[in-house]
Structure formats: structure tokens, C-alpha cells
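Build the full structure now, drawing on both the sequences and the hints.
Given next are the chains, with one letter for each unit.
Protein chains: 2
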Amino acid sequence: MYAIDSPSSKSIYADASTKQPAVGKRGGMAPEVFDPQVFREHAELAITRLEKYLADSSIRGLALTAPSVLLQTAKKLMVGEYESIACLDKERLTAIIDLYIATGIQVHSPGYMGRQFSGAIPLAGVIDLVSSIVNQPSSFYEAGQLPNVVERIMADEFNRFIGWVPEQFAMVTTSGGSLANLTAILAARNDKFPHMWSEGAAALTGQLRPAIAVSQDAHYSICRAAGILGIGEEQIIRLPVNRNKQICIKQVRPTLEAAAERGLKIFCLVASVGTTSVGAFDPIDELGEITREKNIWFHIDGAHGASLLVSDKLRHKLRGIEKADSFILDAHKMLFVPAMCTLLFYKDKAKSYGAFRQEASYVFEKESDIYTEFDSAEKNFECTKRPLIMNLWVVWALYGKALFADKIEQLCQFTESAYQILQNEPDFETLHHPEANILCFRYLPENLCAWAFPDFQVEIRKQIRQAGKFFISKVDIDGIGALRVVFMNHQIEVGHFRLLLDEIRATGQALLKGSKSDD
Amino acid sequence: MYAIDSPSSKSIYADASTKQPAVGKRGGMAPEVFDPQVFREHAELAITRLEKYLADSSIRGLALTAPSVLLQTAKKLMVGEYESIACLDKERLTAIIDLYIATGIQVHSPGYMGRQFSGAIPLAGVIDLVSSIVNQPSSFYEAGQLPNVVERIMADEFNRFIGWVPEQFAMVTTSGGSLANLTAILAARNDKFPHMWSEGAAALTGQLRPAIAVSQDAHYSICRAAGILGIGEEQIIRLPVNRNKQICIKQVRPTLEAAAERGLKIFCLVASVGTTSVGAFDPIDELGEITREKNIWFHIDGAHGASLLVSDKLRHKLRGIEKADSFILDAHKMLFVPAMCTLLFYKDKAKSYGAFRQEASYVFEKESDIYTEFDSAEKNFECTKRPLIMNLWVVWALYGKALFADKIEQLCQFTESAYQILQNEPDFETLHHPEANILCFRYLPENLCAWAFPDFQVEIRKQIRQAGKFFISKVDIDGIGALRVVFMNHQIEVGHFRLLLDEIRATGQALLKGSKSDD
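In order, the protein sequence lines correspond to chains A and B. Using my numbering, you'd call the opening residue of the first sequence number 2 and step up by one each time. Using my numbering, you'd call the opening residue of the second sequence number 2 and step up by one each time.
Simulated from the structure, these hints should not be mistaken for laboratory data. A few of these clues could be false.
A pair holds if it fits inside one copy or across any two, identical chains being indistinguishable in the list.
As the list claims (entries may be wrong) - Under the rule of at most 20 Å between Cα atoms (straight-line distance), these lysine to aspartate or glutamate pairs were calculated in the EDC-like manner: (1) K463 <-> E374; (2) K91 <-> E379; (3) K314 <-> E82; (4) K91 <-> E45; (5) K193 <-> E234; (6) K91 <-> E52; (7) K352 <-> E379; (8) K77 <-> E234; (9) K77 <-> D157; (10) K193 <-> E235; (11) K76 <-> E158; (12) K53 <-> E42.
Next comes the structure, spelled out in C-alpha cells:
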């Protein structure tokens, strides 16, 4: 156990006093760590390391380290139990920050083509620093005034591209897409089965069994939601998809009707724009018609693709989004801010209060006033919530939406170019026409059949990750592994992509050789 | 609508080119916002504003502004739709940061005595900056190697004070206490009603109705969890509390037995250390015995008080915590890091996987390896997750646990002093003996009966908030409003507290006068 009264552990205080902290007298406890000057020194040290990191445009992926090794490295950086603590241990802090930087996926490098989070806009990170120091949890107006009005501003900015009736819709920020999907489906459940909140499962006795219709290719958080909310994963109805992994619109009505015949009441249909696996955009305009007609809550998981709203050129891919009862958008994906910042939109403001109901005198006011009207705690899971919107708004305020739109357009255009390149490479198979910035394909030299060597692509991906030059991901498509790239960095050029293909070829060939010699 | 092709909106790029972004050539799109040098300038500007803010030790609370006014102020700070954008608009950024700072609760001031979040340790904010720039979502080892091993390290550090079998317990970080409580109760539900995940409510047909036992004074997130998880808020069994708002241990068995007689199966009992309203510590040692005997999942909401684990002097208040099946701790409360950083502990590692079950080929590996063993996505709500643990670990690594322990001890000791002061002030009524750093009381001059003027305390609190010198909170105790202070700032002195009492008196007297003259 640590001995807190040992003189050594006291030395972190300016006066190194061994007496008990004096209560009621300033100076009795003054850890240097709260000193504004020390804050500056820490911050400047971090900036210097980060600036160097941002300036490094070399091609690199991930320096994958065995957890047990990294664990020991990290432990060695910790101050010892009885060690005397130097007042400002710059060396140790530098080593920690450098280790943190070095062991991450190098999201700002052109070697990073692997996932849906990005090398964040650095200014957004700076605002996160401000948010952390001023610490304004924003579920309540009084605790975060600016974040709360800024949420309204950003809601209105987005609504220019949605077209809902002003003042009648709602937007809530929450901690990630999975949580936002869950919140929306909960609102749907409470809307369609209003007694379930108070009565629980018993409210369903004698009723049709609630069910949720989703794409065969929906994000795992949707099925999870069924498990969490007492709906049951078995009550997930899978809507068939077409070759491009979009919900096949012709099969929607028959699937819904077959489910109804089995005694299920589908209360919510979830579409995706785009899907996580291949970035497919479901036909939301038509789905909006069907759900309206059948009185089904229409939720759109737009974690990845709803950000295309900001692009005049690409917005057409979201035609019909105004028909959604709710949709989500992860700003930490295609709006390039640090994780996490998810926006959850409701067409009908009144229904945004439907997800939760509660009383808590220490926070909720009995009577609403001009301030509490801006509170969001009744509409999101979090009680304490980071002011998630701030880093998005500040960048938007300084640079306008063009910064986001141009970057999105460039990424999508580049993905199309990468697709065209693959079309001309006979040893590669493309698996879909990319709709945004996600592209899935297989390396199949010499007409290798994908089924003959099912782990081939996954093994290529693993070895490429291990080699550390590129970071790409993998995905199952129709039961077989495939390679997946996500272009989040606008500094990636055709040359980088060609280098990746070379590396895939070399890795694949080595694997094939190894496998032949194994026989 | 914005016109993205207008020359003005293009001027944010270094070359101000009006042609389409060139694909495949660097330089075609190079917003200065990604420039490392510009990052430094933005960051230095922020540091200068924050250093000034941290150095301000004046007594101040909250500058409460009407949302409509603040909304207009914020809008004016945004770049206009067709406005030409200056390359680095320092003036605008400074104005935004200053507005952000000025409109928050002044958590670093001695005037802040109001809530459970703190003026965060500045170094923790610096690490948040690093986290935002390196952007390593940490639900998967490969995406955030250091955060994932550091979670193990911090779990072990805490376990020195818990005493579970090493390697057999688990700790998961998640986005806030409400979500952590929900996760734990979901794990409990899935453990005790394993078919509910897949079958939903139907799994309960013919069974006893599931119910959760909680303190009469539990946090609202617990009751919400019953609504969310298909248990139903009606199946919340309230355990009576004693004068100090702790669960009254003598009444636990009779209450549980009465519930069983009504056909309820209590599968989970939730205790608090301490409660949000008054900071009461439930008798967890005894509750641990009862739940073990009755085979009930024992969850402890230690959002506020479980941090006392790090103090050798105060740890005794958590005697019995090792009996919990799960407990949570908000490091953004009593470990003084920025919101949010919640730690969720499970006694039995295997049960930590019980909260969620899912398949997703693009993230989850079919076969686990040394890396995936460190993944947490199967154990937390988030798919993308901030590396929440980092800012806690870095401070811990540099300063050891003594920094936290000493501050906690000082805050609790100071609260006791404040209580003693109130005992000697005949016009104040204390409502409990504080167990940590939360203190509730009423101003009742001239033996005013609390019931005679039920909104008196709430009105005092409101006016004090409005005056902007102090920020305190309010709470309902036994149906009547009360004043509530939470001491999170170690720089608060007796003199500050006495100033607050003077202000309460003056405010109360003015209200009484006004009320008399109204008659």
C-alpha cells in the first residue's frame, strides 16, 4: 500500500510540509499541478510533441506491440511508490506522450486507410483542451451555457439541408453512434409501446411481439439494442440486401408482411447511410414511404454518411432523410472531429422527450423556465456529458461548412478513383461500386477462387498491419473475408494507393508461396 | 444554401485556387487548418487564455445569461455565409474561447461549491488535447494500444485497495456514471435472466416478475435503467432510508421478502456510496451479506464516493466493497479529471462479457489472440470510445495516488468543518452529518418552519446563482427544498464559506421582506 504520510509523497507540494493540510488556510495544500504556470509548461511540452507528429507525412500504419511488453513499458514510466517526486518531471511526461503517439494508429499519415475515425482537425483538439479545463458538463444549461445554445445553432445549420419545420424538430448530442442508435430505438419503443417503460415486459402480455426490421448488413449496435431493450435479438427482422448491400426495396413489404403473419409487430425500421462494412446507402426515400404508410418508426443510422448533408454535390444521396423519425450522424467520422461527437435528430421535438422519463430534484426543475428549456438530460443517456458539440461548432464558426464539404467531396472522389484503378488490375476483385469513401475488394491473383482459401484476405490484412507501413481493415462479405479501405485523409494520393496494392501483392504472393511449400 | 463553389469559400486554402480539388496530387486540397504550425498558433492562443483563467482566484459563480441573448452572441461569432475567410482569424478564436470560459460555472474559483464535477487537474486537460489529436478510439486494442494496457494497470492499482483475486476481476471504462450503472444492471439482468437477451420479454412468461431493489434516495439513472431494460419502473423496490439517508439495514430483509410475496424476483440490489443528494454511504458490508445469501446481484453506485478507496484514512467507509458483483467510480468526480471518465468494476471477469453479445466481422475477431484479449467493445456500450483512462493514468503516473488522496481528505475534512460552523449558527439547520464532501442545510431564521414557506430555499439558491458570486445547488429532502454545497475545490477556505452564509442570510432576509410586503 502507498503510505500517504511518508515525507516522500508529500514532496509534490510547494512547501514540502509534513504537517496535515491546514483546513481553511490557503497554502496548506497547493500541489504544483494546479499552478497555471505549470499548466503552461505541460501544455507547451505537449504542443511541441504534437506539432512534430503532425508534421510527419511519412507513410506508416501501426507499430503493433504485444500487450505484455507495452504493459511493462508503461509501468516503468510511473513514479515509484516511495519515489520522491520531482516538481515538474518533463522527461517523464515527454516519454509518456511520445509513447502514446508512437503506439497509435498513425491517423494523420497517408498510410492510414483503415477505419472510420480520422486524423482529426487539430483545432478541434485545441477546443477539447479548452473544454477539459473549463469543464462544463452540458446536459444542463446552467452548467454549460455556450454548448447548449451552440447545439441549437448546429441543429439549425443542419436543418437547412434537411428541411424540417424550424422549432418543431430536435437535436441531441450523445457519446457515440451506438448510444445514439439505442436512444432513438428506445424513443421508438416508448412511442409505440408506451406502457413498457413503467410496466416492463408485462405490458406486452397478450400483445403482438415487438420487432425491429433492419438491413442484413446493419451495424451491430442495432441488434444489441434489441437485446438491451427487452425486445430480444430474435425479434430482429433482416431485410434482404442487393448486390451493393443496400436494402432491396422490392423485398421490404413481403418481409414485413411475413413477419406480421408470424405474430410480430414491427414498430421500428432501421436503415443505414452508409453501412459500416461497405458504405452502402439504403433507399431511404422509398423506405420512408413504406414506414409512413405502415405507421412504423423510421430510424436512419447515418453515423458514417449523414455528414454528406453538408455537400451540395453529394446531398442527393440522402434524398428522403426528412422522412425519418430519427437519424444519427457521427461528427467524429465524416466531420473529422475527435471521438466522440454524435448528433441525434428527431423530426418531432416532442418525441425526443420520449426516450427517458425521470424525476431527480437535485437536477431537474419542477417548473421549466427559459434556462431549463435548453437542458438535454431528459433527452440523453448521460447525466454528466462532455460538451461534445463545441469542437465541431468552433471549426464550423471559423471556417464555415466549406471545409467539411470540400474534404468529404475529395475523399469520395478519391475513392471512386481507387475503384477505377482496381477495375484495371486483373488480380484484384472489387466487391461493390463505392458510394462514399469505403471500398472493399479482394486480391485474387491467377484467378484464385475466394472460397478455396477463405482466410487469405484476412491473413494479408494481418500481415500488412504487422508490417506497419499501411493500416487497412478487413470485412466479411457473403461469408468470405475481404480487404477494406476507408479514406479519411485528404492527403492520400494515387501513388499511396498504388504502393498499398504493391504491398498487398507482395504479401499475398509470399503467403501463397508459403502455403504451397507447406503442402 | 451555401455555395461551395463560390470563390470566397475557397479562400481558406493556401493557394485559393478556384479549380476543383485535384485528386491524387498533394496540394490540391490543403486547408491551413491541418497545418502543424497553425495548430501551434491555435493551441498557444488557447493556452494563454486558459492560463489567465486558471490564475484568477476571485470569488465568482456563474454569469447566467438568457439563452436567446447568448444565441445571438454566438451566431455573431460565426463566419458569414459568403464572407471571405482570413487564414488564421485569431481575433475570432480568442473571442470564442473567452466567451466559452466566461459563460461557464467557474469551477476553479472558490465561489464554486455547487456540483460534483471539479476544476479539473490541468494536466489531465493537456492529455485530453493529446488524445484528441492522436485520436485513438480505445474499444479495440489495435486502435488504442496504450489506453488499453493502461486500463489494466489502473484496474490493478485500484484492486490493491479492493482485494479481489488478481486476473479474475475486470474493469471497463465507459462514458459516464449513468451508462456504467446501466451496463452493470444489464449484466445482472443477463446473468439472472439469460434468455431475455435473445427472446426479449417473452422469456419471462410464466416466471416471477424481475425487480430491482434500490435506496429511496438512489440516482435517477438506476430507475431509468429499469425503464430501459424492459424491467419496468414499477418493478423498482424502494429500500427505506434512515435519518442520514443511508439504506436502513434492518428494513432490507422485510422489504425484500414483502416483494417476493408480491410475486417479484429481485435479481439486483443497488447501493450507493455516496448518494448524489447528500453523499450518504449505504451499509455495503451488510448488504453484501444479504445479497450473497439471497443470490442477488449486488451493484454499488460509487460514482461519487468509490474514489475514497485511494485514501488510507477514508477507505474504511467502503468496507465490504469487495462483496459487490459490480461497482462504478467516476474519476471525473472525486479524482478531479475532466468529464467523463467512469470505471466499472466486476468481481468476476467472465460476467463482464455478459452485458452484450454480438457479431460484427469488421471489428470482432473470430478467434481471440494476444491483442483482442485486450479489446473492450464486447464489454461496453461504445463502439468508438474516447481513451477515457489516459488523463487519469498520466496524472497518476506522474504524481502517484497521493495527489488524489490528499485532495480528497482535505475536501472531506473541510466539509466537516463547514458542518461544525453551521452547528453554531442558530439560523441554519443542518440536515445530516456529512460523510464526504456534500453538505445539505437550510436557512431558517427566526425559527421559520421549513414547511411554511416550501420554496424558500430553492428561491434563495436561484437568487444566489443569479447574483453570480457563488454557485451552490439545491435538493429536495423529505419533500422540502434545501441548500446543497459540494466542496470540490481544495482552495476553498473557511472565510469563503462564511461569505456564502452571509450571502444566504442577506438573500433570505430580502426575500422574507419582499414576501411580507407582498401580503
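To see whether the hints hold, each was checked on the structure:
no.	hint	verdict
1	K463 <-> E374	between (51 Å within a copy, 16 Å between copies)
2	K91 <-> E379	neither (43 Å within a copy, 37 Å between copies)
3	K314 <-> E82	between (59 Å within a copy, 18 Å between copies)
4	K91 <-> E45	both (11 Å within a copy, 18 Å between copies)
5	K193 <-> E234	both (18 Å within a copy, 17 Å between copies)
6	K91 <-> E52	both (17 Å within a copy, 19 Å between copies)
7	K352 <-> E379	within (11 Å within a copy, 30 Å between copies)
8	K77 <-> E234	neither (45 Å within a copy, 48 Å between copies)
9	K77 <-> D157	between (50 Å within a copy, 15 Å between copies)
10	K193 <-> E235	both (19 Å within a copy, 19 Å between copies)
11	K76 <-> E158	between (47 Å within a copy, 11 Å between copies)
12	K53 <-> E42	both (17 Å within a copy, 14 Å between copies)
Checked against the numbered hints above, the structure violates hints 2, 8; every other hint is satisfied.
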